[in-house]
Amino acid sequence: MTGTIKKTSRKHARIVVMDSDKDVLKRLTKSLGEEGYKVDNVEETSKMFEKIKNEQVDILILAVDSLDTTGYELIPMIKKMNGLLPIIAISADDSIQMATKVREQGVFFYAMKPLDMKEMKLALKNAFKRSIVRQYEPIITQKKRVVRKDFEEEILNLTEASKILEVSKHTLRKLAKRGELPASRIGTRWYFIRNQLFEWLRVTAAGNQKNYGTLILETMDEGVAVVDKRLKIVSCNSAYLQALDVPRDKIIGEYCYRVSHRSMVPCEETTCPVRQAFKKGRPIKSMHVNYDSDGREHYCDIIALPIKDKQGNVSQVLEVIRDSTEIYDLNKHLNWITNFFAHESRKTLGPIMMNISALVDNRLSKTIGVKKRNEMLLSSLCSLKLLYDMIRNYMISYKGQNRTIQCYKKAVDIEHTIFLPVIDELRPLFCKKNMNVETQIRGDKAVYCDGDLMKIAFSNILNNATKYGTEGTKIQCVLTVNHKGFEFSVLNEGIGVPRNKLDDIFERFARFDKLGISGTGLGLHVAKMIAEMHNGTIRAEAGFFIEHQPVTYDEFYVNENLCKIKEKNIKRFARFILTIPSGEKGKNSGGVT
Amino acid sequence: MSPHKNILLVDDDADFLTATTLVLEKSGFTVQTCMSAKECLAKLKSTRPDLIILDVMMESDHSGFDLCRELKRDPDTKEVPVLMLTAVDQKYPLNFASAAGDEAWLPVEDFIDKPVDAHVLVERVKKLLRIE
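Chains as they are written, first to last, in the working numbering: chain A, 3 to 595; chain B, -14 to 117.
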């Protein structure tokens, strides 16, 4: 291999000499030209950079003393542009400091002026050899060693390159031979570096639309394939391969339905966007549900864009696959939330509208007595409260999910600023259901917590007890406060909580079919969220009333005597217990998990 | 005042039942209420209402659609007009068929969006019962 390079080196090596000393330039040009090197002289830094950037340069001879600024400072910049370019530094400054500085930057050879031409020629010869070897080193080592996957992508043979560029092998070989294309020859074969090919494409694309198209396809995030009239895939980009998880050689020339649907027959013309695009000659969009290897649903938008020939006939169709699963999921959730709230609000507004419109209706209102009128107003007020609670709870749970809720803790008198005001606020609800609230308060220490949030938690728990409590019964509230924190428990007689739902009841939007009671499944969830923000807990207990005493399911089912009682005949209860430890002064926490 | 007409009101929202019952009773109708499809079917065995007002989105055992289909299939109740209450924005009866997921959907006599004004409800009820 070295032989090949030796043979061609004198002819092709291009050297750029950067020196402001015209005498040196003259000497070098003459002497190296005789040796067969092609020498370009530059006197300005900008021109040197231009040449390195745009032309094939094999070696750079840089006079590090040629500039006002110290020339060796240019070396890192040159290396950034072309890391493989060997640099021969020349200088009239024979100080050790200079030599050290130049060598620190890493040059191939450092020569003193006046130049020893014999030494220079030897240096150039070796530099050129290394330049060539370095440039093609990846190819050589890759072909010799076991094929590594990342390399496989990088290095292409003639066939692969011709597929990517969509030109014949013959043309490609011709271009490579003429040196118009970055390629290297090992033995009789040509090899191409993928990135270099695309870079070349980018530069030469202006006059060649077909290649430009290939490049655009490759830069797209979406999977894109070109399908011909027989529904065979002519070309595709890497994203398409990735989306379908198939190697390139198994796709090109294959029927699109075999690749994308793994089906042996084409899809119905009416449902296939590609066939529709061929037929109608305009872009067609559709949605497909694909399943990945884990069985997960993937919602894919498929856009088929017709490519027309000069006569206006559709010759090919560009198929674009976009995985929109995330957007579909979000959309689905948003739809659900919107419908949920529309339905819940309308439902809650139902009795309000009915009551108020009856009260303002001239004919109807005359027939309604004072007692009935008050009942109707109270009922409307309660419904409005429900609506307000629903909106408030949703906002808090939404903020909690986005971790945008803040918890400002300060010393709070739980009894007087939370417990009693909440009971006052809910009085219309108790009144409507003719329920009695029994309160028991132990201790009176202040607790560090967020008073506003805690009020919401209390309100939600009590609201829940009222909603699911039996009319005319009592709600028993016990508040115990001490230096460690507080415990708030609410017990009500009613439909209770099924034994297997005691934990689920705190889930967001948890709802259990309960006759005649509308709930959004947010109140208890929000209460739990607030408890967790305070490092506290909330739990549910449920069971039966035995001789006016609450007996939990666990206690009930282990007692043989009690088990004999028919469940239908006993009253049920539910109890919610909120336990909050006192926070530390000045310590606030934000967000919940 | 209208002659004695019996209305069966089916809705799982207790507050709505109370309010609507009051409005209908004050308008001179006799109202029976039930909160589930099961209860409604049981009640229909003993009474024959002149009109059934039915909520479409009941959360209990049967949806309003299922119940309505059952009523319209049964020769005994087939002739009883049904006024459907919805909390879903449905403007055309055709969409209703697809919402019910049934091509052969037998349209109800009328339907009203919730929330509804008292006098609008009474007007529609009167129209269905052919009361001037």
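These are calculated hints, taken from the structure and not from any lab test. A quick note: this is a predicted structure, and the numbers were derived from the prediction, not measured. Among the hints, erroneous ones may be present.
As the list claims (entries may be wrong) - Just a few of them, taken from the derived set where beta-carbon distance is under 7 Å, the chain B residues facing chain A:
id, residue
1, Asp0
2, Phe1
3, Ala4
4, Thr6
5, Val8
6, Thr15
7, Lys57
8, Pro60
9, Lys99
10, Pro100
11, Asp102
Stated by the list, open to error - Capping the alpha-carbon separation at 16 Å, the derived lysine to aspartate or glutamate pairs in EDC-like fashion look like this:
id, chain 1, residue 1, chain 2, residue 2
12, A, Lys81, A, Glu52
13, A, Lys401, A, Glu534
14, B, Lys11, A, Asp363
15, A, Lys374, B, Asp98
16, A, Lys103, A, Asp67
17, A, Lys486, A, Asp454
18, A, Lys368, B, Glu10
19, A, Lys447, A, Glu489
20, A, Lys434, A, Glu377
As the list claims (entries may be wrong) - Listed next, the stretches of chain A that the computed footprint assigns to chain B, with coverage defined by at least 3 CB atoms under 8 Å from CB atoms of chain B:
id, region
21, 356 to 365
22, 372 to 384
Here a beta-carbon is modelled for each residue, glycine too, at the ideal position from N, C-alpha and C.
So which hints don't hold here, by number, going up?
-> When the structure is compared with the hints, numbers 4, 6, 7, 8, 15 and 17 turn out to be violated.
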